[in-house]
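**Student:** In case you want the letters, here they are:
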Amino acid sequence: MFATLSDRLTATFKSLRGKGRLTEADVDATVREIRRALLDADVALPVVRDFTTRIRERATGAEVVGHLNPAQQVVKIVNEELVGILGGETRRLRFAKNPPTVIMLAGLQGAGKTTLAGKLGRWLKGNGNRPLLVACDLQRPNAVNQLQITGERAGVDVFAPEPGNGVGDPVSVAQRGIEHAQRHHYDVVVVDTAGRTGVDAEMMQQAIDIRAAVRPDEVLFVLDAMIGQDAVATAEAFRDGVGFDGVVLTKLDGDARGGAALSVRHVTGQPVMFASTGEKLDDFELFHPDRMASRILDM
Amino acid sequence: LSRDTLDEATWEEVEDTLLLADLGVDPTTRIVEALRERVKVLGTRDPAHLRELLREELLTAVGPATDRSLATQRRGERPAVVMVVGVNGTGKTTTVGKLARLLVAQDKDVVLGAADTFRAAAAEQLATWGDRVGVPTVRSDRDGADPAAVAFDAVRQGTEAEVDVVLIDTAGRLQNKVGLMDELGKVKRVVERHGPVDEVLLVLDATTGQNGLRQAAVFSEAVDVTGIVLTKLDGTAKGGIVVAVQQSLGVPVKLVGLGEGADDLAPFEPEAFVDALLS
Ligand SMILES: Nc1nc2c(ncn2[C@@H]2O[C@H](COP(=O)(O)OP(=O)(O)OP(=O)(O)O)[C@@H](O)[C@H]2O)c(=O)[nH]1
Ligand SMILES: Nc1nc2c(ncn2[C@@H]2O[C@H](COP(=O)(O)OP(=O)(O)OP(=O)(O)O)[C@@H](O)[C@H]2O)c(=O)[nH]1
Ligand SMILES: [K+]
Ligand SMILES: [Mg+2]
Ligand SMILES: [Mg+2]
Numbered sequence: 304m305f306a307t308l309s310d311r312l313t314a315t316f317k318s319l320r321g322k323g324r325l326t327e328a329d330v331d332a333t334v335r336e337i338r339r340a341l342l343d344a345d346v347a348l349p350v351v352r353d354f355t356t357r358i359r360e361r362a363t364g365a366e367v368v369g370h371l372n373p374a375q376q377v378v379k380i381v382n383e384e385l386v387g388i389l390g391g392e393t394r395r396l397r398f399a400k401n402p403p404t405v406i407m408l409a410g411l412q413g414a415g416k417t418t419l420a421g422k423l424g425r426w427l428k429g430n431g432n433r434p435l436l437v438a439c440d441l442q443r444p445n446a447v448n449q450l451q452i453t454g455e456r457a458g459v460d461v462f463a464p465e466p467g468n469g470v471g472d473p474v475s476v477a478q479r480g481i482e483h484a485q486r487h488h489y490d491v492v493v494v495d496t497a498g499r500t501g502v503d504a505e506m507m508q509q510a511i512d513i514r515a516a517v518r519p520d521e522v523l524f525v526l527d528a529m530i531g532q533d534a535v536a537t538a539e540a541f542r543d544g545v546g547f548d549g550v551v552l553t554k555l556d557g558d559a560r561g562g563a564a565l566s567v568r569h570v571t572g573q574p575v576m577f578a579s580t581g582e583k584l585d586d587f588e589l590f591h592p593d594r595m596a597s598r599i600l601d602m
Numbered sequence: 043l044s045r046d047t048l049d050e051a052t053w054e055e056v057e058d059t060l061l062l063a064d065l066g067v068d069p070t071t072r073i074v075e076a077l078r079e080r081v082k083v084l085g086t087r088d089p090a091h092l093r094e095l096l097r098e099e100l101l102t103a104v105g106p107a108t109d110r111s112l113a114t115q116r117r118g119e120r121p122a123v124v125m126v127v128g129v130n131g132t133g134k135t136t137t138v139g140k141l142a143r144l145l146v147a148q149d150k151d152v153v154l155g156a157a158d159t160f161r162a163a164a165a166e167q168l169a170t171w172g173d174r175v176g177v178p179t180v181r182s183d184r185d186g187a188d189p190a191a192v193a194f195d196a197v198r199q200g201t202e203a204e205v206d207v208v209l210i211d212t213a214g215r216l217q218n219k220v221g222l223m224d225e226l227g228k229v230k231r232v233v234e235r236h237g238p239v240d241e242v243l244l245v246l247d248a249t250t251g252q253n254g255l256r257q258a259a260v261f262s263e264a265v266d267v268t269g270i271v272l273t274k275l276d277g278t279a280k281g282g283i284v285v286a287v288q289q290s291l292g293v294p295v296k297l298v299g300l301g302e303g304a305d306d307l308a309p310f311e312p313e314a315f316v317d318a319l320l321s
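Protein chains in written order, with this note's numbering: chain A, 304 to 602; chain B, 43 to 321.
Bear in mind the hints are in silico, worked out from the structure with no lab data behind them. Note that the structure is predicted; figures quoted are calculated from it, not measured. Misleading hints may appear alongside valid ones.
The calculated DSS-like cross-link candidates involving lysine-lysine, where the alpha carbons are at most 27 Å apart (straight line), are [unchecked claim]: (1) A:583 <-> A:428; (2) A:428 <-> A:400; (3) B:82 <-> A:583; (4) A:583 <-> B:150.
Here are a few chain B residues that sit away from chain A, every Cβ distance over 10 Å (derived from the structure) [unchecked claim]: (5) 58; (6) 63; (7) 84; (8) 86; (9) 90; (10) 97; (11) 147; (12) 166; (13) 187; (14) 199; (15) 219; (16) 223; (17) 225; (18) 232; (19) 236.
Not everything, but these chain A residues come out facing chain B in the computed CB check (under 7 Å) [as the list claims (entries may be wrong)]: (20) 444; (21) 500; (22) 504; (23) 529.
No residue lacks a Cβ here, since even glycine has one placed at the ideal position from N, Cα and C.
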């Protein structure tokens, strides 16, 4: 077993040294290795298909260029394609012309939304904003306390008028949160919502209703980097349900390859904007497509 | 599997089904090869028959006869001790709550131990579950307390109260964090001063891809996992990574999580799992 795609491809090409040009059989072998590497990295199958088709086109007849042997050449092509998909149109947060800017978080259960609310709050505060976190998960046991404590640790105010644990209406809290922010001159509102699966129609409708109530400038889809093939179904369900404008990948401090980054970008066209890289409030950064490309293929 | 001859496209559909369920490349390849062999021997031409054979192969891979019982019987003077472990956000605390409900329904006395002293409001979350299902929660009155001490204390109090089962919730941790994995090992060792831990349940989120295998391997190494709980099967994910986990580590899936409610925990049923995987 070869650890990295580069190693595997180098082995695939060992017999070709000096040939200078990839034959069709070489390309087949190459594409097989790339397919396997992508699947091992949890890139979704339909995305793997599109991707390998493109690689096949570009690798066919690839010549030795300069100092690069065919293996290096293909790795370079793969890397370029990956960065191309991951990095196309990266963009920063959109701030509202008339504050407050509203950022709504949505995603599956346990993805890292509440933690992210704290991280965003702290980061925004560090950038000179005056953020408010709004506690709209009134379902998960103690989600409200969790956000309150997180906000306290981040040094950011939390609007939490309802106790949660099944008590209170999240849509109403969302709406009152905006009013509270306007009245007290917060310039960014981060709306934490409950986790929901893509097939829970009632909960998805709740997210749509919260969205309608707060008219967010950004809906961020929070996605655990460990997710496998389900990334496609889930991303599509959130895209077609509440809708989203950007993606945050979480738990990137783990050792998952994070092929979901590629899947979600490819399937929904929405950019990955931020990376969450730990449980602490500072473990948060802008997303780096080039690092992610190397990570996915372990190059 | 809708065609009437077994052409390559049909085989590709079989492979896709398995890959899309997160079985992973190796288990998928093994199953497809075994299937091709059987199809050749049996001279199968009918896709419906192929589907039946695939179901059988998968069921064999999942292990229909595996013992999946939970060790929750008192041992002499001591309660059974169950530790729940896993990476962040998989559903550990929720599973502890649901499992307590299940045990209470079997007329068992249960105590919960809040050994997640790290995450914001983790102990409160567990205590809320305790209240919901009517069992007490042992917890520290301060954040950041030593999790091993809390776990030890929960077993001590459970023993004194002569309960049947002590369920210990632990903080989520990624398996590549060496310090946190060492801490987990310590929690278990300290609890073992009371006697052996009866079950170590690793909670795997069904949406998890190939990293699930690493999770299982590293947690097994650290705390000798005795069973898997596969959560969030109520979503669109199939949880196929557990096939590789069972095969490579020999640790059976014992329970499945099917929602966020107290009653949404069920024994793992291989047939239902395979049928869902193929649906
Ligand atoms: N290691 C690591 N853990 C994270 C990261 N982000 C969140 N977590 C942890 O993941 C777990 C779940 O995080 P939450 O913020 O509660 O997730 P959530 O999406 O709000 O969960 P629900 O509200 O239950 O849907 C917690 O243990 C967090 O500490 C991250 O980037 N890295
Ligand atoms: N849909 C669904 N959600 C679940 C299931 N089990 C747990 N959850 C949800 O997943 C989220 C995380 O659950 P927790 O029990 O807090 O997870 P945890 O592993 O204890 O998280 P940390 O302690 O932060 O690592 C919560 O929103 C739960 O309600 C399940 O079987 N199905
Ligand atoms: K499912
Ligand atoms: Mg939350
Ligand atoms: Mg927990």
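**Student:** Output the numbers, in ascending order, of every earlier hint that fails for this structure.
**Tutor:** Those not satisfied are hints 3, 4, 5, 6, 12, 15, 22.
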